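4 protein chains.
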Amino acid sequence: MLGTSGNLSAVVQREPLRLAMSPSGVDKGELTAQQVLTIDEDARIVSDHAAKPSDESLLHIRITKQLGAGAVLHTHSVWNTMLSDLYAADGGINIEGYEMLKGLQGVKTHEHREWLPIIDNSQDMPALAAAIAATLERNKATHGFLLKRHGLYSWGDNLAQAKRHIEILEFLLETLGRTLLAENSKR
Amino acid sequence: MLGTSGNLSAVVQREPLRLAMSPSGVDKGELTAQQVLTIDEDARIVSDHAAKPSDESLLHIRITKQLGAGAVLHTHSVWNTMLSDLYAADGGINIEGYEMLKGLQGVKTHEHREWLPIIDNSQDMPALAAAIAATLERNKATHGFLLKRHGLYSWGDNLAQAKRHIEILEFLLETLGRTLLAENSKR
Amino acid sequence: MLGTSGNLSAVVQREPLRLAMSPSGVDKGELTAQQVLTIDEDARIVSDHAAKPSDESLLHIRITKQLGAGAVLHTHSVWNTMLSDLYAADGGINIEGYEMLKGLQGVKTHEHREWLPIIDNSQDMPALAAAIAATLERNKATHGFLLKRHGLYSWGDNLAQAKRHIEILEFLLETLGRTLLAENSKR
Amino acid sequence: MLGTSGNLSAVVQREPLRLAMSPSGVDKGELTAQQVLTIDEDARIVSDHAAKPSDESLLHIRITKQLGAGAVLHTHSVWNTMLSDLYAADGGINIEGYEMLKGLQGVKTHEHREWLPIIDNSQDMPALAAAIAATLERNKATHGFLLKRHGLYSWGDNLAQAKRHIEILEFLLETLGRTLLAENSKR
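Protein chains in written order, with the working numbering: chain A, 1 to 187; chain B, 1 to 187; chain C, 1 to 187; chain D, 1 to 187.
Please note that a few of the clues may not be correct.
Note: identical chains are not told apart, hence a pair may lie in one copy or across any two.
Claimed, not checked - Lysine-lysine pairs mimicking DSS-like chemistry, simulated, CA-CA at most 30 Å apart: (1) Lys65 / Lys186; (2) Lys140 / Lys186; (3) Lys102 / Lys52; (4) Lys140 / Lys108; (5) Lys163 / Lys65; (6) Lys148 / Lys163; (7) Lys186 / Lys52; (8) Lys108 / Lys52; (9) Lys102 / Lys186; (10) Lys102 / Lys65; (11) Lys148 / Lys65; (12) Lys163 / Lys52; (13) Lys65 / Lys140; (14) Lys102 / Lys163; (15) Lys65 / Lys108; (16) Lys186 / Lys148.
Simulated from the structure, these hints should not be mistaken for laboratory data.
Computed from a predicted model, the values in this text were never measured in an experiment.
Let's have the full structure, built from the sequences with the hints guiding it.
What follows is the structure in structure tokens.
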């Protein structure tokens, strides 16, 4: 996670909801256990920290509650940023026929079709959370989504699975991006 | 080897065949010696492990028996995935004229022509093993093959040689992929 | 910072100006605290070193004085070099609509428009410093600039912020460069 | 240096010539001081080693003698391999106008023009050494050359300078390669 970009959360308790959440403005490569906040379902800090939770805490809470995820990860990479832009007009990216898809929870064959929705970016977090909720409602089987010119969200039952999903989706996005370039040259 | 993808095997004993084999679903970057399974020629675990052997164990066994290889490696990379797709209709990729080819066992000159066959991917392991066997029968001199949108297989007399072959083929695939792009621009 | 390329400075004292400055001709990856020079506002060494200050010290001094920056960083990367060339005729590069822009000091929304000016390279340091001063006078809000076929300059209140600005601008330049390639293929 | 590819030499003594030379077939990333051979001007081992000197020892000797170099480095990279192929018909690559050129010994300005000759690859080492000698005779100011679909040679007064030259030439080759792609897209 470059500079202060990206963030992560993990469910500590379901009822009432408590999320371990990375703080705002901290270099994630240097994140220490002491810096991790605990927040409630309204993104208020319930641990003993003077820090500010990430602006995107509301998005993590929404994903956690709607999907029952145990952990949520969000990354900014060159490939996910550029493809979220390039395919924005299509509303998403279709990823199909790759063996690597089998690393996504519940996928048994490379013949799986993963639709990765792209949602317009916004600084209005409640509005963005609502847009994400509506997108996830329409795409119940998806393992992640892109925010346009912003980054990738994925999740899992726990942090290890969420990390595996991020790695697989990043791999497939880079593969799709490079294939797009090469296909054009091969014609 | 990204996430849980890729796998490796090495011959422990020829008669009856015993292969040291990476387990299924384990992050290969964190693979420990204790996790390595021993399997027989029917992919049954003969070591004291509750784990599941990799789904692709049958492919390793077939390659080992047919070619007398001492070790087999399988990798998923962005470049091997995209080129296995891009050249699938050609049935393979021709690699010719590169000094780096001399790193492949038995190759003495850059004027060597390496034909890297591409085989359709499948989740039916016995059928895929049979397709691989037929391809290797027709291409006795090859040092590896690609599974479409899946990855690269290579092998050697031992793990060090198999690793060298994988590194060389990955290098050459990236070189071919980038050349394809640049050739088009230079015209 | 590759080989002996790139350099960095940080303000030690404002009145009279004293800059900690990387020396000329030293591999920056192996730079030690003992090698860091202290220079005055005419780029004369005031610390006890027999070394030569970087040729580009005058540029660091000018940026520091004009903008009140606390630290200045200069990097040579493949992406910043090629884009400084490709967009030179446009006089700069427009970076707009990326979430990552929010990592630049004072930027609150992805809807920010960052104009990164491109200045012709020169070995005449006083002339180049004057060209930079004129460019910064016309572009008071910019967080960096490019020297054509040479590299990127950025700055901040301190070294940590300057480093964050460099990382963000490098990320965005690579994203723009790759998008340029892919857009063309997608059409 | 990938796998067993690439090699390096350094002058130990001028009269009679003694070169410290990397052995053949050893993984250069794992090269130890004990493995380094000493050879004479006919590429015969004069140190107490049972090893075989690199096939390309004759090329190192020729470069050392003709140019008075203190060290020679040879690398295989994806970018140097593909550009040595792409520009082979032009006989070389022109690198001009880059600040990074100033890292090459004796170059004082970015306005320098570096002509990097490309020589056809061969397994006949005496013939290849002769072709290199003729090329260097015609291009006395060059800091390196490419062997087609093979790799890059550079040199310096000592290993540190040779390494700096290799790093700079690799940087510039990648920059040229990426610029070629992007220029085409920007038109």
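Could you place Lys163 and Lys65 in one of the four classes (within, between, both, neither) given a Cα distance threshold of 30 Å? For Lys163 and Lys65, the Cα distance is within 30 Å only inside one copy (19 Å; across copies 37 Å).
For the identical chains here, do Lys65 and Lys140 meet the 30 Å Cα criterion within one copy, between copies, both, or neither? within (13 Å within a copy, 45 Å between copies)
Up to 30 Å between alpha-carbons, please classify Lys102 paired with Lys52: within, between, both or neither. between (38 Å within a copy, 16 Å between copies)
Tell me, please, which holds for Lys148 and Lys163 at an alpha-carbon limit of 30 Å: within, between, both or neither? Both. Shortest intra-copy (21 Å) and inter-copy (25 Å) distances satisfy the 30 Å Cα cut-off.
As a check of your reading, is Lys140 near Lys186 (CA-CA no more than 30 Å) within one copy, between copies, both or neither? So Lys140 and Lys186 pass the 30 Å test across copies only (28 Å; inside, 36 Å).
Since the copies are identical, ignore which copy is meant and state whether Lys102 and Lys186 lie within 30 Å (CA to CA) inside a copy, between copies, both or neither. both (28 Å within a copy, 27 Å between copies)
Reference check for the pair Lys108 and Lys52, CA-CA at most 30 Å: within, between, both, or neither? The answer is between: 16 Å across copies meets 30 Å, while 41 Å in one copy does not.
Could you figure out if Lys148 and Lys65 sit no more than 30 Å apart (CA to CA) within one copy, between two copies, both or neither? This pair counts as within: shortest intra-copy Cα distance 23 Å, inter-copy 38 Å.
Have a look at Lys186 and Lys148 and pick one of within, between, both or neither, based on CA distance no larger than 30 Å. both (29 Å within a copy, 17 Å between copies)
Quick one: Lys163 to Lys52, C-alpha cut-off 30 Å, is that within a copy, between copies, both, or neither? Cα proximity of Lys163 and Lys52: in one copy and across copies (24 Å, 22 Å).
At most 30 Å between C-alpha atoms: does Lys186 with Lys52 qualify within a copy, between copies, both, or neither? neither (50 Å within a copy, 41 Å between copies)
Please work out whether the CA atoms of Lys140 and Lys108 approach to 30 Å or closer within one copy, between two copies, in both situations, or in neither? within (17 Å within a copy, 32 Å between copies)
Taken one by one, the earlier hints fail for this structure at numbers 1, 7, listed in ascending order.
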